[in-house]
Amino acid sequence: MKKPFYHYITIGIVLLYLLIPLLGTFQYSFATSWHKTILPEGFTIKWYVELFGDLRFLKSLGRSLVMSLGATILTLVIMVPAIFSIVLYAPKLEKMIQSLIVMTYAMPGIILAVGLIRAYSTSGISMVLITIGAYFVGILPYMYQGTRNSLRNINAESLMEAAEILGASRYTAFQKVIVPNIISGILVSSLLSFSILFGEFVLINLLVGGHFETVQIYLFQKLSQSGHIASAIVVCYFLLISILSAIMIKMTRKKKEPV
Amino acid sequence: MSFLTIENIKKSFDNETVLHSLNLSIKEGEFITLLGPSGCGKSTLLRTIAGLIHQDEGKIHIDGKDVTEVKPKDRQVGMVFQSYALFPNMTVQENIEFGLKMKKLDKETVKQNAAKIVELVELTGKEKSYPRELSGGQQQRVALARSLVTRPKVLLLDEPLSALDAQIRKNLQKQLRSIQQELNMTTILVTHDQEEAMAVSDYVYIMNKGQIAQSGTPHEIYTRPVNEFVARFIGNYNVLTREEVSNLFKGEKNFKNKMYAIRPEAFSEDRILDGYEISGKIQKTSMLGNITRFELEANHVSFIADRLHKIDEDAQKQETKTLYLNRKDVIPLS
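Sequence order for the protein chains is A and B. Quick note: the first sequence uses UniProt numbering, first residue 1, plus one each step. Quick note: the second sequence uses UniProt numbering, first residue 1, plus one each step.
Hints were generated in silico from the structure; no laboratory data involved. Glycine included, every Cβ here is placed at the ideal spot set by N, Cα and C. Accuracy of the hints is not assured; some may be wrong.
Stated by the list, open to error - To give an idea of the chain A side of the interface with chain B (calculated C-beta under 10 Å), a few residues:
no., residue
1, LEU39
2, PRO40
3, ALA168
4, VAL177
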């Protein structure tokens with residue numbers, strides 16, 4: 001079937017609309033100065049040199065990584081076995097998980113932040129830990145969906161039964177049979193969760209703000225100082241997310257193809 | 001001396017009784033079939049024997065040991081699932097070795113046992129394949145090998161062949177039976193296919209609504225159904241009421257039971273001494289491969305009669321047919 005040409009035009013316009021800001025940011029991060037011309041007057045890598053020379057940036061990058069990775073791994077370790085047990089052995093509890101998940105969507109970030117501050121600011125618990133806790137809840141939907149779908153795909157119930165009858169304990173069966181078969185699905189949800197958390201700004205800014213500078217807060221502050229550096233940060237961030245997305249796409253494809 | 005006994009097993013789900021005080025006993029090396037329509041409780045019974053479902057009441061003994069409260073992993077039973085349930089992350093070899101590794105046997109023993117069983121189920125050369133690369137029949141043989149390799153005391157088969165096409169199913173039935181006999185493996189097969197049950201088992205239990213409707217050798221079950229359910233379930237029996245039977249065999253008055261069953265192939269075209277004689281109008285003739293089936297009407301009673309297919313079939317032209325029947329082939333049902 002031949003597609004009419006206006007399909008291509010529409011897609012072209014949408015693509016341009018999406019790509020121009022990125023392209024602009026990309027060029028701006030390499031531009032010496034860019035004021036009255038259509039294209040930048042010259043190109044330089046000095047903004048990147050400056051950015052990576054800034055200890056504050058590297059530290060904030062480290063903090064972002066620790067926060068996002070920490071919350072993701074925590075969710076992984078606690079929620080995957082929990083969802084597995086609920087889906088297989090206590091399906092009645094699944095409704096509770098589902099309502100928990102809906103609640104995470106019903107709660108706007110700003111209300112969540114204010115609520116958390118009011119509840120915990122005087123408790124003496126570090127607000128960084130509180131934020132990780134909030135992240136944990138925030139990425140629940142992705143982890144839940146990913147894990148549950150993977151379990152359904154492999155028909156986990158009969159695999160467990162088969163393994164148990166062959167003499168495996170439930171723990172061994174989970175570890176040797178279930179985990180290897182759902183790992184790619186779980187990794188995809190983890191990567192997704194990680195990239196969402198890595199870009200999170202509202203909660204971290206309100207809850208801990210300047211005390212604990214993450215990449216997003218650093219970017220926010222740089223925005224008022226130098227557009228070039230801010231652009232360079234965005235480009236780096238974008239690159240990281242692209243790499244993560246590429247890995248995700250590759251992993252989901254691999255699952256479908258016969259080896 | 002029975003090898004596996006089931007005493008008074010009861011099970012209900014959400015106030016609905018699935019198994020009503022079932023009793024069963026199986027000798028060592030016997031191949032028995034639980035046959036019944038879907039929802040009759042046959043799979044529930046099988047899963048209870050495996051320990052995957054816990055019964056509400058009753059006891060299960062295997063090889064003289066009370067296993068009622070034993071976990072599935074320690075029951076020493078093998079099970080083949082309808083969905084095969086092969087481990088997709090493992091090769092054929094690894095799937096088969098899984099049970100042996102769980103027993104913590106040494107590497108050499110694991111290898112030898114696996115190799116033997118691979119040969120037995122004719123999967124040589126496929127050891128390194130993954131389950132998804134195999135055909136349905138091959139996958140089923142892997143599932144069988146995986147269950148057999150640990151030498152379970154009882155092998156449980158939950159409709160293992162129902163997802164396969166007719167040709168492969170027939171071949172696997174034969175293979176299954178010969179492997180079972182070679183290993184002298186006590187086996188319980190669950191199926192809803194009466195032909196399959198007849199073809200492979202030593203003994204058949206027909207189940208209906210959580211109870212055993214009839215048990216016996218395939219021959220007994222087929223030739224002497226005891227009630228209407230069995231007669232309707234195991235073949236194409238003519239199931240007739242007392243009035244219909246009296247009408248069909250005019251002059252006969254001594255029918256006392258409510259229902260009677262007549263096998264369609266029991267009708268004969270040759271005269272039978274001291275038998276019944278019926279002349280019926282042919283309503284419809286159908287060719288079912290090796291047999292020809294006539295739908296007839298006599299004295300306002302419809303019935304079917306089968307005859308081996310003849311090459312010079314002239315039945316289409318005939319309008320009436322005179323058939324003979326042995327008296328003992330009119331089976332009273334309870």
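### Task
Kindly indicate which numbered hints from before are broken by the structure, ordering the numbers from low to high.
Hints 1, 2 not satisfied by this model.
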